[in-house]
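Q: With chain R's structure known, arrange chain G on it following the hints.
2 protein chains.
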Amino acid sequence: MPVQPRTAPGTLELLPPQQIAFQKMLDTIRRGFERFGFLPIETPAFELTDVLLTKSGGETEKQVYFVQSTGALEQGKAPELALRFDLTVPLARYVAQHESKLAFPFRRYQIQRVYRGERAQKGRYREFYQCDIDVIGKDTLSLAFDAELLAVIHGVFGELAAFGLGATTIKVNNRRLLRGLLAGSGVAAAHHGAVLHEVDRLGKMDRAEVAARIAAIPGVDAEAAERVLAALALPLDRLGELGLASDDFTRGLAELREVHATALALGVPADRLAVDLSIARGLDYYTGTVYETFLDAQPGLGSICSGGRYDDLAGLYTKNKLPGVGISIGVTRLLSHLMDAPGFAATGSTAEVIVLNADARYQADALAIARDLRAAGIATETYWDAHEVKKQLKYVDQARIPLAILIGERDHAAGNVRIRQRAGEGGERRPDLELPRGELLATVQRLLA
Amino acid sequence: MPVQPRTAPGTLELLPPQQIAFQKMLDTIRRGFERFGFLPIETPAFELTDVLLTKSGGETEKQVYFVQSTGALEQGKAPELALRFDLTVPLARYVAQHESKLAFPFRRYQIQRVYRGERAQKGRYREFYQCDIDVIGKDTLSLAFDAELLAVIHGVFGELAAFGLGATTIKVNNRRLLRGLLAGSGVAAAHHGAVLHEVDRLGKMDRAEVAARIAAIPGVDAEAAERVLAALALPLDRLGELGLASDDFTRGLAELREVHATALALGVPADRLAVDLSIARGLDYYTGTVYETFLDAQPGLGSICSGGRYDDLAGLYTKNKLPGVGISIGVTRLLSHLMDAPGFAATGSTAEVIVLNADARYQADALAIARDLRAAGIATETYWDAHEVKKQLKYVDQARIPLAILIGERDHAAGNVRIRQRAGEGGERRPDLELPRGELLATVQRLLA
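Protein chains in written order, with our numbering: chain R, 27 to 475; chain G, 27 to 475.
If you are wondering where the hints come from, they were derived from the structure by calculation, not from laboratory data.
Hints may contain errors.
The list makes no distinction among identical chains, and a pair is therefore deemed to hold if it is satisfied within one copy or across any two copies.
Straight line, CA to CA, 30 Å or less: simulated DSS-like cross-link-like pairs of lysine-lysine [stated by the list, open to error]:
| id | residue 1 | residue 2 |
| --- | --- | --- |
| 1 | Lys127 | Lys417 |
| 2 | Lys416 | Lys164 |
| 3 | Lys148 | Lys416 |
| 4 | Lys347 | Lys197 |
| 5 | Lys416 | Lys345 |
| 6 | Lys416 | Lys127 |
| 7 | Lys127 | Lys230 |
| 8 | Lys345 | Lys50 |
| 9 | Lys164 | Lys417 |
| 10 | Lys347 | Lys148 |
| 11 | Lys347 | Lys230 |
| 12 | Lys347 | Lys420 |
| 13 | Lys345 | Lys197 |
| 14 | Lys127 | Lys345 |
| 15 | Lys164 | Lys420 |
| 16 | Lys103 | Lys50 |
| 17 | Lys127 | Lys420 |
| 18 | Lys230 | Lys416 |
| 19 | Lys347 | Lys416 |
| 20 | Lys148 | Lys103 |
| 21 | Lys347 | Lys417 |
| 22 | Lys197 | Lys230 |
| 23 | Lys197 | Lys50 |
| 24 | Lys347 | Lys164 |
| 25 | Lys230 | Lys148 |
| 26 | Lys420 | Lys345 |
Okay, chain R solo, but in the shape it has when bound (with noise of 0.2 Å):
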């Protein structure tokens, strides 16, 4: 009685055709940190829970993934090992770890996959990708690196664009103006956090709305909540007006301007880049620069890429202070919204030409033609089996390869070659080549140019 084969739930497996569009999207995003000289890394799967469960317990930890071998089971021991939750925390003990073999600001990539012991539901996984970029000072860095992370991300999105995405929009804020917006509101700092948590919702929820959950929190009144939503409504040449002096707005509004500027004068387009003081980022970990980004088609499906600067990366893990900023691409949320796009998957196969064993006589020629293709670096299958023809042809279809290439007796009698061209996107069928065999290498290469 065989078992019934399946994946976990909350996995997201992918035929070939899909795999294929998806290492694409992954080749580019790494093409698209390298081209800004970012540094790869890669970590291990797991981590020893004592380093990597160091906080106080929060959300995450309860959707952290145990690992335990076949023996530690056994004996009912705790387990020493837990599966990554984010790449972050590796990150953090990475730095740490390597510190003096590394050179500062760190600028890292990293694309893995992380894990996460979710309840199950439409949408959330547990095991996807992160696509990671932070750059690392050593007791400063300089704010430079957050209009640069603004470039890398439009480069990188300018060029996923072509896979379904459309156009997006990179919203940035800084979370220090917003804390001395609150100030000078009237909100007390110790309620800042809470309030930022309902100014997250702005996108999501009704403005009335959310003034009500912020006049709701005990310690803030109906009036300074009008007050931040007022502010936060303001262009950012207009913030003048509120007449606000701390050192929180001050410091805060010159960071904003500047990254900004900058990153205009890296070529970030005015038009894919908006200041938007409502985005939050509900973390307190941030403490300067956040980012969101979202699809102008689709803005409700939230973030596809966020982020922003703190303070210090690995206070855990190290005296040595380390201040950064990163911002991480939800890959898999965003294949899951492109895979059933129409065209996402239309390279069916990572060949690009067949040859066909058309007349088993003729094999050896076959097989020469094969290795002349691969060694001028075309990806080039070989049909082995002596089937009909047209079965072979119907494999060709089925595995969308573009170009097949036949010898038959006639052909091979001229001293030809035939190449059969994939019917066009409307079904309709393109006429067979006959060339001869010397001119075969230049046709393939222009056919697929």
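A: Below, chain G alone, put in the same frame as chain R:
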């Protein structure tokens, strides 16, 4: 009190220069697989326990890592999930699960990490990469694929040689032929497994010792052991002298000859491919062709790429018969062998160029240069801090970036830029180039080429 930052035992974590080199190795392998039209798949790191562990519980199952979420752990439930310990069981599950959507013969490659709860010891990893290719047929599978895999492996290792591996030799044999030879030498079928297990030691152990070990198997006598070892030492074209005529012998010999001849026709050079009758691959899983691959300079390292032909991939999950042939590169072991070789991680950075902040007044020009270079596909880093140029150049050295671009006051006045080239391998300084801004891109491209 900070937590000591450290990785779990049995994992391999790389510094960026090594990671860049390793990534190039993986890219090379992937390109080598795709050049033959193999299709990528990825499977989740964990599988359902009842799907993954369907076998009778051999050595491998003792090494399994089980995965449990916090909640499941607290409830003391038996683990529902386990990390894959190879890529073969997930492939079997994948093919059985998606069978109706795949085109057969299904040619897949998979480059992912696998996990084994090994006892920690040098050279044994608990997490390591495997790079696998397999071709899976439905009911039947042409023997030509056994030869094609030889061509793929030869292509991959031909390119990997440049990473410091040097030349490799692939050894090929046929298990059916071995069984025919054993039967013809007077070894009963019931003892074939035990004898082949000893034959596998021939590379590592003295011939006399292996003979004694075979003769010590109950039911096998010393004369039979001698006959076996004498037969295994014969070259292929003298096997006829043995006068054997069993189906296994005849068919196994014909298969081995055909695989060898087809591999040569596919361009594998005769001196890189050796028929070696002592290659047995212990596993009974393999039924026909078997492969092992050795570094010419270090045969003692053992096989770095092994595999073979099997009768049925997914009998545990489906009643359909799915014969296959596959091979696996143990790339983490290769890497750990290469890592300390001089020149392995010679490229220190992904950045090919860095634009320095030599004079803050010309920072706008510097940013424009970085933009232009990136637009031309050149990986370009920007130095942001207004540190002394000496300190900036020290960073460039440390990060091993080939070219640094500076604009000083005199350069700017003359409409020029300056390029500082990285010192040569012997440490000899190369002269700075001073050139008009308009010639920069072409010059950089020429220097990098």
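Q: How would you label the pair Lys127, Lys230 (within, between, both, or neither) given a Cα cut-off of 30 Å?
A: Intra 45 Å, inter 39 Å, cutoff 30 Å: neither.
Q: Have a look at Lys197 and Lys230 and pick one of within, between, both or neither, based on CA distance no larger than 30 Å.
A: Close inside one copy (15 Å), not across copies (63 Å); limit 30 Å.
Q: Between Lys416 and Lys164, at a C-alpha cutoff of 30 Å, which is it: within one copy, between copies, both, or neither?
A: between (66 Å within a copy, 18 Å between copies)
Q: With 30 Å as the alpha-carbon cut-off, assign the pair Lys127 and Lys417 to within, between, both or neither.
A: Result: close only across copies, 17 Å inter versus 58 Å intra.
Q: Can you give me the call for Lys103 and Lys50, within, between, both or neither, at a CA distance of at most 30 Å?
A: neither (43 Å within a copy, 40 Å between copies)
Q: Which holds for Lys420 with Lys345 at a C-alpha limit of 30 Å: within a copy, between copies, both or neither?
A: Intra 65 Å, inter 25 Å, cutoff 30 Å: inter-copy only.
Q: State whether the alpha carbon distance between Lys164 and Lys420 is at most 30 Å within one copy, between copies, both, or neither.
A: Between. Shortest inter-copy distance 16 Å satisfies the 30 Å Cα cut-off; intra-copy 60 Å does not.
Q: Check Lys347 against Lys417 for me: Cα-Cα at most 30 Å, and say if that holds within a copy, between copies, both or neither.
A: between (66 Å within a copy, 20 Å between copies)
Q: At most 30 Å between C-alpha atoms: does Lys148 with Lys103 qualify within a copy, between copies, both, or neither?
A: between (34 Å within a copy, 24 Å between copies)
Q: Is it within, between, both, or neither for Lys347 and Lys164, if the alpha carbons may be no more than 30 Å apart?
A: within (6 Å within a copy, 60 Å between copies)
Q: If the cut is 30 Å between Cα atoms, do Lys127 and Lys420 qualify within a copy, between copies, both or neither?
A: Between. Shortest inter-copy distance 14 Å satisfies the 30 Å Cα cut-off; intra-copy 56 Å does not.
Q: Is it within, between, both, or neither for Lys347 and Lys416, if the alpha carbons may be no more than 30 Å apart?
A: Between. Shortest inter-copy distance 24 Å satisfies the 30 Å Cα cut-off; intra-copy 68 Å does not.
Hints 3, 7, 8, 10, 11, 13, 16 and 18, counting from the list given before, are not met by this structure.
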